[in-house]
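Protein sequence lines correspond, in order, to chains A and B.
The letter at position 50 of the first sequence is residue 66 when you use our numbering, and the numbering goes up by one with no holes.
The letter at position 13 of the second sequence is residue 14 when you use our numbering, and the numbering goes up by one with no holes.
Check before you lean on any hint, since a few could be wrong.
[To be verified] Derived pair list, reagent style DMTMM-like, types lysine to aspartate or glutamate, alpha-carbon separation capped at 25 Å: (1) B/LYS51 <-> B/GLU128; (2) B/LYS87 <-> A/ASP50; (3) B/LYS96 <-> A/GLU118; (4) B/LYS37 <-> A/GLU118.
Derived by calculation from the structure, the hints in this document are not laboratory data.
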Amino acid sequence: MTKTILFQSTISGILAAIAANIYDRIYYFATEIDYSNIINPVSLIGYNLMVSLIAGLLYWLLTSFFKKRGAIIFNFVYSVGSFACVIIPISITLPLTTPFPELFPGLAVPMVFFPVIAWMTIDPLFKKGIN
Amino acid sequence: MKKQPYLLATVALIVASAFTFIQSQDWKIANGYSVKFDAGDPTGEFTGLKGTIQFDEKNLAGSKFDVSLDATTINTGNGMKNTHAKGANWFDVEKYPTIVFTSSTISKTSSGFEAKGTLDLHGVKKEIVMPFTLVNNTFAGNMEVNRLDFNLDDGKHPNMPTAVKIALSVPVTK
Chain A
17 MTKTILFQST ISGILAAIAA NIYDRIYYFA TEIDYSNIIN PVSLIGYNLM
67 VSLIAGLLYW LLTSFFKKRG AIIFNFVYSV GSFACVIIPI SITLPLTTPF
117 PELFPGLAVP MVFFPVIAWM TIDPLFKKGI N
Chain B
2 MKKQPYLLAT VALIVASAFT FIQSQDWKIA NGYSVKFDAG DPTGEFTGLK
52 GTIQFDEKNL AGSKFDVSLD ATTINTGNGM KNTHAKGANW FDVEKYPTIV
102 FTSSTISKTS SGFEAKGTLD LHGVKKEIVM PFTLVNNTFA GNMEVNRLDF
152 NLDDGKHPNM PTAVKIALSV PVTK
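Construct all of the structure, not just a fragment, from the sequences and the given hints.
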């Protein structure tokens, strides 16, 4: 894994975490439902950094094996994988003390896409360095 | 001497009438109760418990439960499952919004008590036996209900156990 990919992964993870925390606050003000026992600033930073670093590792593997086509394959896999992960917040069983589980997907489903959006937003900035 | 039978009858009536003043204690359902169910998947709980509890272990004949649960309060911890459970294929809460248990007799057992009565669930009334204890002003009990007895089946979940475990814990105050 190159320094550039690690840097891109970390930056995209941080950006996704910032976006997720902003969205978390907006959702709380809109619904006044507290899901902080499941989703909170620390868990959002950890989740987004972890996903972005795994994505970076996958990017490195794919570009190592498939060279230039690796980036195309990666984008496809990352997008489809993110879309498939939508099922996680929809199917998850929350603690019974959590109010209004019906509204949890409204908070968590958009967040599933934040890492891939962040990655693709900053990707052009790192293209020159990688190629 | 002829008056003695009348005297005895009068005394007997006075004594008997005294027992009419012995009433079971009324209990109020306190906060912090839980009515949990376990059907493998899903598990969850109901809130919205209300009703009257008259219970005195020294006067079981005069004791009675008449309680109801708001079926719309079912919570499995998953919004999709909650919607599904409230729907027409399961509890059909629009048509049957409450679950009612009315006891007919309460008796003492080796481990506590048991209440026999009618459970009105999903439009079906069926006799059930509910074992329970009363410790530290908390009624607690575990039982199993066969969901098929109450037509709770959508035919799409063959692996779901038919016996649903129910765990009750109901703190009460006088």
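- Query: What hints, given by number in increasing order, does this structure fail?
  - Reply: none
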